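J.: Chain residues, written in single-letter form:
2 protein chains.
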Amino acid sequence: MPSKIGFVGLGRMGANMARRLKDCGFTVSAVYDINHDIAQALALELGASASRTLAEVTAAADVVITVVTDDAAMRSIFFGETDNLLVDSEGRLFINCATVSPTVHLEVETAAEEAGAQALEGCMASSITQAREGSLYLMIGGKEAVFTMARPILENLASNVRYIGNAGEAAKVKALVNMVMNINTAALAEGLGLASALSLDLGMIREVFAQTGAHSRVLMTDGEDMQNRDHACFFSASHAAKDSGIALQLAESKSLNLPLAAATKAQFDRMVAAGLGELDKSGIAELTFPGRG
Amino acid sequence: MPSKIGFVGLGRMGANMARRLKDCGFTVSAVYDINHDIAQALALELGASASRTLAEVTAAADVVITVVTDDAAMRSIFFGETDNLLVDSEGRLFINCATVSPTVHLEVETAAEEAGAQALEGCMASSITQAREGSLYLMIGGKEAVFTMARPILENLASNVRYIGNAGEAAKVKALVNMVMNINTAALAEGLGLASALSLDLGMIREVFAQTGAHSRVLMTDGEDMQNRDHACFFSASHAAKDSGIALQLAESKSLNLPLAAATKAQFDRMVAAGLGELDKSGIAELTFPGRG
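Protein sequence lines, in the order shown, are assigned to chains W and U.
Numbering that gives the first Met the number 0 applies: residue 0 is where the first sequence begins, and numbers increase by one.
Numbering that gives the first Met the number 0 applies: residue 0 is where the second sequence begins, and numbers increase by one.
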């Protein structure tokens with residue numbers, strides 16, 4: 000078991016994964032966030048140090064788990080000119096859990112290896128509660144030997160650890176999962192929105208959906224929230240827009256026309272444009288219910 | 000228990016519902032289809048008479064179950080000038096199981112009552128196997144007293160009989176179910192199509208979808224068929240286009256903008272235009288997989 004773990008990106012997921020590993024007996028040695036106040040608060044909670052630079056995290060840890068926002072943030076933490084994680088990183092293992100473009104995972108793996116370090120992608124298909132409880136669904140991309148090395152940590156974070164293939168492959172699967180999930184979410188918002196417009200009982204409609212071909216996982220996770228306008232954020236609309244965008248870029252690279260994915264991204268983009276990007280993805284119902292938004 | 004049951008519309012659903020009621024000990028006295036050969040074959044199988052006119056069905060039955068194609072077909076069997084089911088229909092009960100516009104159910108109920116008969120909508124959210132086995136999911140619209148009268152028959156056809164409300168209300172719920180189901184189907188076809196374009200293992204992808212937020216009922220019913228191009232028809236693409244159209248008309252009547260439902264209808268319309276309308280709805284994957292269609 001590695002003695003010291005660092006965390007970069009202390010949002011809803013990263014912070015809870017750090018708490019979980021601490022609970023499991025790991026030493027969380029250093030935490031970093033672009034918002035240093037957040038890092039200080041979590042450092043205090045976990046008895047870690049709040050690093051002021053990325054290089055400090057690498058210096059203080061054997062394994063660094065990163066959970067940042069998007070492609071730009073990933074490139075910034077690994078390739079930033081004045082400060083990055085690869086400085087003196089020989090022997091380190093980076094486990095990258097953000098949902099980013101497959102190509103970024105490849106770039107990071109190559110650069111890590113050149114620096115004498117290792118990188119692994121650990122794409123998460125779960126939410127905050129699962130991060131806190133160590134019951135994530137993790138899809139792994141990278142070298143199998145690196146996966147074997149990381150396994151003891153991964154299995155404390157996840158109830159399901161699935162090796163997908165080389166670097167970038169897990170991110171492709173993740174993009175597909177979120178693309179379909181986002182479409183199903185938009186579909187549900189339209190179904191419940193129209194039901195509301197027709198003055199049908201929404202509790203009854205959700206029950207009928209659950210018993211018929213309209214059933215979906217998002218009906219269980221988001222249906223009641225759409226009805227009750229409870230859009231406290233588990234997975235934000237702006238993240239949904241980003242992830243659908245990754246999938247659409249992959250489709251474009253293969254000259255594939257995906258009208259549903261495109262219409263769904265347009266809906267989440269509308270939310271962001273309307274200032275609703277930090278609502279949970281269930282907030283898409285604000286666009287489809289009569290008299291809302 | 001009524002002694003004689005007639006059937007109008009002997010397609011994949013109607014014929015199997017007739018077989019089921021016969022198995023349950025009911026007398027199927029008369030069957031009718033616009034294709035008289037089909038009626039004759041089923042009449043022979045069930046020991047019924049193959050009616051040449053709709054009025055003959057009404058004359059030969061206490062309860063007439065109709066399962067026709069669309070709004071036009073429903074209006075034709077109840078309001079056709081030269082021949083229709085309401086001729087001398089006093090005391091008859093009509094149970095109408097086709098997926099048609101809510102307003103048509105209201106028109107039929109009013110006309111039936113004027114003729115001294117009763118009408119009930121029995122919207123089905125199930126497929127051929129369930130019709131044959133008597134395990135349909137039935138949503139009932141109409142007068143509760145009429146529902147009570149029809150119950151012994153309905154419970155032999157369905158494992159789940161749900162009273163929704165007045166005439167037309169069940170058709171609204173059914174339109175919503177199929178609208179959402181159709182969108183989820185189109186979403187799945189896009190996800191698997193992109194997975195195929197990215198050379199990912201489709202069996203693995205379906206497994207990951209089933210364990211994550213991408214899960215849906217249609218993943219279970221249509222996922223493998225999309226992968227294997229097995230589009231033997233349970234619920235046709237042209238029916239999907241029709242049902243999404245009913246939902247979109249309801250949305251339009253409420254000035255509701257539903258971009259996903261619209262994009263889905265456009266996809267099923269493309270299938271119909273390409274001569275693929277009689278494939279199962281899973282055939283929508285022919286539009287989204289690289290190298291197909």
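Rather than coming from a laboratory, the hints here were simulated on the basis of the structure.
Computed from a prediction, not measured in an experiment: that's the story for all the values here.
All residues carry an ideal CB built from backbone N, CA and C; glycine is no exception.
Take the hints with a grain of salt, since some may be wrong.
Heads up, incomplete: computed chain U residues facing chain W, CB under 8 Å, no partners named [as the list claims (entries may be wrong)]: (1) I37; (2) T52; (3) A54; (4) L105; (5) A124; (6) I127; (7) N183; (8) L201; (9) G202; (10) K253.
J.: Check each numbered hint against the structure and report the violated ones by number, ascending.
T.: 1, 2, 3, 4, 6, 8 and 9
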